[in-house]
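Undergrad: Protein chains in written order, with the numbering used here: chain H, 38 to 430; chain F, 38 to 140.
Simulated from the structure, these hints should not be mistaken for laboratory data.
Hints may contain errors.
[Stated by the list, open to error] Covered stretches of chain H (in silico footprint by chain F; criterion: 3 or more residues with CB under 8 Å from a CB of chain F, positions within the stretch not fixed): (1) 128-136; (2) 241-252.
[Said to hold, decoys possible] Derived contacts from chain H toward chain F, CB cut-off under 7 Å, selection only: (3) His235; (4) Arg260; (5) Gln261.
These numbers come from a predicted model, not from an experiment.
Note that the Cβ used here is the ideal one computed from N, Cα and C, for glycine as well.
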Amino acid sequence: MAIRERLSGNEAIAVAMRQINPDVVAAFPITPSTEIPQYFSQFVANGAVQTEFVAVESEHSAMSACIGAQAAGGRTMTATSANGLALMWEMLYIAAASRLPVTMCCVNRSLSGPLNIHNDHQDSMGARDSGWIQLYSENNQEAYDNFLQAVRIGEHHNVVLPVMVCQDGFITSHAVENLELLEDEKVRAFIGEYKPDHYLMNTAEPIAVGPLDLPNYFFEHRRQQAQAMINAKQVILDVAKEFEALTGRKYGLFEKYELDDAEVAIVIINSSAGTAKTVVDDLRAKGVKAGLLKIRVFRPFPAEEIATVLRHIKALAVMDKAEGFSAVGGPVFNEVKAALYGVSDGIKVVNYIYGLGGRDVKAEQIELVYSELQKIVETGIIGDTYRYVGVRE
Amino acid sequence: MRDRKLNKSMPLDVKWKEITPGGMIFDAGNAEDFRTGDWRAMKPVWIVDKCTQCMLCPPVCPDTAIPVRDKKRLDYDYDHCKGCGVCVRVCPFDAIDFVREEE
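Only chain F is shown next, with the shape it has when bound in the complex (with noise of 0.2 Å):
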């Protein structure tokens, strides 16, 4: 159970023997490689057209799924945004639709 046998990488099919003891982590950040996209009902639609880039939604989102860079946000990262809408009412400029997740 000692280092040598360790896989702190934490593959999907990592085994038991190899597992890190206690469920360990040793990769800092990897909440990234979790997928919480999949759980989403409701899905943000940013309408750039309509955008002033205020700024106001990037900072509320809980799943830093609102990518800024140079100043400006980007398109959402869907892959961690679960949908909450909490960007949708701060939004002064109703620069982002709210619609159903299709399957």
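Next comes chain H alone, as it looks inside the complex (with noise of 0.2 Å):
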């Protein structure tokens, strides 16, 4: 029987990173993914996990540790946000090139500056190119199951990168919401010993990890990368079946919601979905075709079959929680409208920044989008596609 709890979703990815016992956790606090280490160390104190916990200096020292533990042939794991996430930019790249399957727990959080500790997605985003995984939460719910299905994932013989699970800062890591975990020992039986094939403490087999790569073989290394990315999302969907058996909850590359048969639709991340899927039920109740799609895998991004579901929208609006400053919309807009381009040509795609530095994200501001599409489908004109919602004008 599954345990029914009530957690916010920090405290649900420290329960997962408990339940997991994994061989090192190196983390160093910044608001608002703080409380994962924090409370992770109590659970160290207590001996409740066999973990070696890493106080490091900073989240470049972090990362560096999680990468040189990992590569010794440990599973390792982190948390962090924002400016803590840019700090490790650098060893980001280098985890994922180095093939080390580090799990993290980013809880989204506004990039400064100016200075701002509340929720969008602007660091994860600007990681998007960085050869992490990403996976986004809707809820807490989805955090402690994205972070379990994360270490399955990168771990995997055919993927071996790093994953990167994302929340939103606040509005999920500090709320606190009822959830279902799963027991400690269906935990550890799902995620299995972590059985690397090569790894720095193998005295059988001597070594060296991160060398250096010129340009002989550096660009059969990338190539072999991407193809790792390529193999993740069949990996990604296998890893989703297993863990559906398990929980009965059941997670796919994306989720669509009243996207069958809808003419307008938005495609959106993380807890926005759950106040616009609200919305969505609102039109329908009031006989309005809306509909959703709710990215749950944005790196690998599942391009083909964003555009197949797509397929028969006639406006779509794609929201934002991250200003790309290419002055002609935002990260995920972009990846969407290329993913359509050449297969779904007919819609209407405009892009929506919202949110941004923790502005609240209300009901009104998604109804106001739809009813924008409606507006485009009526008249058939697009108008200007970079736009604003919820911003003062």
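Quick one: dock chain against chain with the hints and give me the complex.
TA: Listed below in structure tokens is the structure:
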């Protein structure tokens, strides 16, 4: 029987870490992810885990320690947010390129400046090209479930890449919700023992990790790394299937909500999907064919699958809780629009930047987006595709 | 991407499917295979007649390019000598000449 609990999103991740009992956790506190290493260090102090907890002096060191420990052959985890993730930047690429399946919870927070500690997605969106798999979570349950699956995905021998599980700072990290936990022994059976193919502590096979890689080899390594990301898609689906058999909770590359017969739809990530679903329900009650697609897996990007399920949509709004400063739209917009090109060219697609720096995302804002989409369907005129919602005009 | 396909010896024409993940090196001491002697602009030349075998030069060589056998230095390993000139400076007997590398 599953365990019914009430936990914040941060507690849920810390509990998942306790159940996994990793070899090493190295972390540095930063709002709003601080509670994860805080709760976890209590588990360490109480002897609930056998983990070596490394209280490092910065996030750059946190990721460096994770890289070293994972290369040594240990299962390694960390958590961070915003500028902490930014300070890890150099090492994020090295973890991925060195093929070290570190697991991280990124509690999404706006990237300074101006200095802001509240939620948006600028931190993890900035790291989208670092070679990490990225899973996004609408609520505490999904954060917990994604974190358990992340270990399996990253360590799979066809993947061997680090995984970042993202959840919204404060909104889910600090809000206490009911959720279902697995029993410790079921988690351990699901995760299994970490058995890397090659690792530094293996005296039977001495190796060097992270050496100089000159032009004759670097290109081949990048190609191989790219293949790991391509392979990850199927592994994510396979792990989700196994997880569903265990818990009854279904996961895919994305979630469709009232999408199959929708005429107007939005694409959204993380907690605002919950707000948007209630708006969809209200609109459906009024006879509006509104739908929603919530992206769970942003890296690898499920371009083909997304283009297929959006094929019939007349007008689409892609929501970005990050400003990419490309002057043409946010990162999710660019990906989705590129996915549709040549497949579903008839869809009228607009972009909305929303909720930056913790600005409350209210149902009225989402309603406004749907009503603008309906206007586009009625008039056939798209107008400006790069828009803001919720900003004072 | 498992071992069966892995080419641990990393030949120069290794293909991406066989290359070691993340550039892992399985072959200890493989720096010897990389001919850093190509980088040399200046070349030390050992003058055997002046050499007293005082053994000051071999330990200062950063590339272990002065081979030693039976407590005596031998001629340079020009495949790995980068021409840094440290041995030239340390020699008290002017037994090492330092000349421009010819093409």
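Undergrad: Next step is simple, just say for each hint if it's right about the structure.
TA: Outcome of the hint check:
1. 128-136: The restraint on the stretch 128-136 of chain H holds, since 3 of its residues have a Cβ under 8 Å from chain F and three suffice.
2. 241-252: Coverage by chain F holds for the stretch 241-252 of chain H (8 residues, Cβ < 8 Å).
3. His235: holds, 6 Å
4. Arg260: Holds - the Cβ of H:Arg260 comes within 7 Å of chain F, reaching about 4 Å at its closest.
5. Gln261: Hint on H:Gln261: holds, closest Cβ of chain F at ~5 Å, below 7 Å.
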